[in-house]
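Chains A and B are the protein sequences, given in the same order.
For what it's worth, this note's numbering labels the leading residue of the first sequence as 1, then goes sequentially.
For what it's worth, this note's numbering labels the leading residue of the second sequence as 177, then goes sequentially.
Misleading hints may appear alongside valid ones.
Okay, the calculated beta carbon distance ranges per label pair [claimed, not checked]:
id, chain 1, residue 1, chain 2, residue 2, range
1, B, R192, A, V88, 47 to 55 Å
2, B, R192, A, H109, 49 to 57 Å
3, B, A284, A, T63, 34 to 42 Å
4, A, K72, B, V268, 53 to 61 Å
5, A, T64, B, H289, 25 to 33 Å
6, A, A61, B, A284, 23 to 31 Å
7, B, F261, A, A5, 24 to 32 Å
8, B, R192, A, I31, 52 to 60 Å
9, A, R12, B, F277, 45 to 53 Å
10, B, L204, A, V88, 45 to 53 Å
11, A, D95, B, Q245, 40 to 48 Å
12, A, L60, B, V189, 19 to 27 Å
So these bits of chain A aren't anywhere near chain B, every CB distance computed over 12 Å [to be verified]:
id, residue
13, A7
14, I11
15, N13
16, L26
17, L27
18, V40
19, P77
20, K103
21, A111
22, R113
23, R136
These are computed hints drawn from the structure, not numbers from a lab.
Glycine included, C-beta positions come from ideal geometry on N, C-alpha and C.
Here is how the chains run, residue by residue.
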Amino acid sequence: MLLTAFAIIRIRNLFSVVILTGLFSLLAAAIYILMDAVDVAFTEAAVGAGVSTVLMLGTLALTTNDEKTTSKSRAVPAAILSIITGAVLIYGTLDMPNYGDAKAPIHQHVAPRYLNQSAQEIGLPNVVTSVLASYRSYDTLGETFVIFTAAMGVLAIIGRGRRRRKKENVERETKA
Amino acid sequence: MKIAEMYIMQHKVVLRVVSKFLIPFILLFGLYVQWHGDFGPGGGFQAGVIFAAAFILYALIFGVDKTRQAVPAWITRCGLAVGVFIYAGVGVATLFLGENFLNYNALAHDPIHGQHLGILLVELGVGVTVCCAMITIFIAFAGRGRK
Chain A
1 MLLTAFAIIR
11 IRNLFSVVIL
21 TGLFSLLAAA
31 IYILMDAVDV
41 AFTEAAVGAG
51 VSTVLMLGTL
61 ALTTNDEKTT
71 SKSRAVPAAI
81 LSIITGAVLI
91 YGTLDMPNYG
101 DAKAPIHQHV
111 APRYLNQSAQ
121 EIGLPNVVTS
131 VLASYRSYDT
141 LGETFVIFTA
151 AMGVLAIIGR
161 GRRRRKKENV
171 ERETKA
Chain B
177 MKIAEMYIMQ
187 HKVVLRVVSK
197 FLIPFILLFG
207 LYVQWHGDFG
217 PGGGFQAGVI
227 FAAAFILYAL
237 IFGVDKTRQA
247 VPAWITRCGL
257 AVGVFIYAGV
267 GVATLFLGEN
277 FLNYNALAHD
287 PIHGQHLGIL
297 LVELGVGVTV
307 CCAMITIFIA
317 FAGRGRK
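The whole structure should be built from the sequences, with the hints applied where relevant.
If you want it as C-alpha cells, here you go:
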C-alpha cells in the first residue's frame with residue numbers, strides 16, 4: 001500500500017494515477033477483510049476500486065491527461081506542513097486503545113446491548129444489518145438522502161447539458 | 177469515421193463477449209446481495225453499487241447510447257426519488273400504525289416479522305436509490321464529452 005501511495009505521488013500521468021488509486025482501494029479492502037469487517041470491505045471494493053475509478057476515468061476523458069507541475073519553491077513549506085500534520089495525527093493515535101481491545105470505549109457503550117439483544121429484538125443473523133437498518137435507521141435514511149442529493153447535484157450541473165446542446169444544434173441547423 | 181469505428185469494435189471482440197457473459201452474473205450477484213443482506217455480508221448500498229456496476233460495464237463496452245436504450249433517463253431519475261420515497265414511506269407508515277418513526281415493530285403482528293419486513297423494504301429503498309444515483313452520475317459524466 002505504501003508503495004502504491006508513493007507511486008501515486010510521483011507519477012505525473014493521471015491515467016496511471018487513477019488506476020493506482022483503484023489498486024490502493026483494493027488493497028484497503030483486503031485489509032478490511034483481514035480485520036473481519038467484511039461489509040466495509042465489500043463497499044470499498046465495489047465503490048473505491050470499481051465505480052469511483054470509472055468516474056475518475058470519465059473525468060479524465062473530459063479534461064487533460066497530465067498533471068501540471070508545481071514550482072519547486074513551494075515544495076519546502078508544503079513538506080514542513082505535511083510533516084507537522086502527520087506528526088499531529090500520529091500523536092492523536094497514541095491515546096487510542098489497541099486494536100481489538102475489549103476495554104476500548106467503543107465496546108463499552110451500546111455495542112454489548114446490540115450484540116446481546118439484537119437476536120431477540122430483530123432476529124437477524126447479521127448484526128451489521130440490524131444495526132444499520134433498524135437501530136440506526138435515521139442515519140441510514142440520512143445517507144440515502146445524501147446520495148439522492150449528490151445525484152441531483154450532478155444532474156443539475158452537467159446532466160442537462162446534452163439536451164440543451166441538441167436543441168442548440170437543431171436551432172443552428174434550422175438557421176443554416 | 178464509420179470504418180474507424182467498426183475497426184475499433186472488431187478489436188474489442190474479447191471484451192464484448194466476456195462482458196456479455198459476465199453482466200447477467202453481476203446482476204444476479206447484486207440481487208443476491210440485496211435480498212441476502214440480512215443473513216450474510218452486504219445490503220442495499222453494496223447491492224445498488226454492484227447492480228449499477230453491471231450497467232456501467234455495459235456502457236463502457238457498448239457505449240452510452242445503447243445503455244440509455246436499456247435504461248432510459250426517466251427510469252433512473254424516477255428510481256432516485258422512488259428509493260428515498262420507499263425508505264421515508266416505511267417511516268411514515270410506522271407513524272400511522274402508532275409507533276415511532278422507522279420503528280418497524282408496528283409493521284406486522286409479530287415485532288420480529290415487522291423488523292424483518294421493515295429492514296427488507298428499507299434496504300430495497302437504499303438499493304434502488306444508490307443504483308440509480310451511480311448510473312445517473314456515470315452517464316452524466318460519460319455522455320458529456322460526446323458531440
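Legend entry - Unsatisfied constraints (hint numbers, rising): Hints 3, 5, 6, 7, 8, 11, 18 and 23 contradicted; others consistent.
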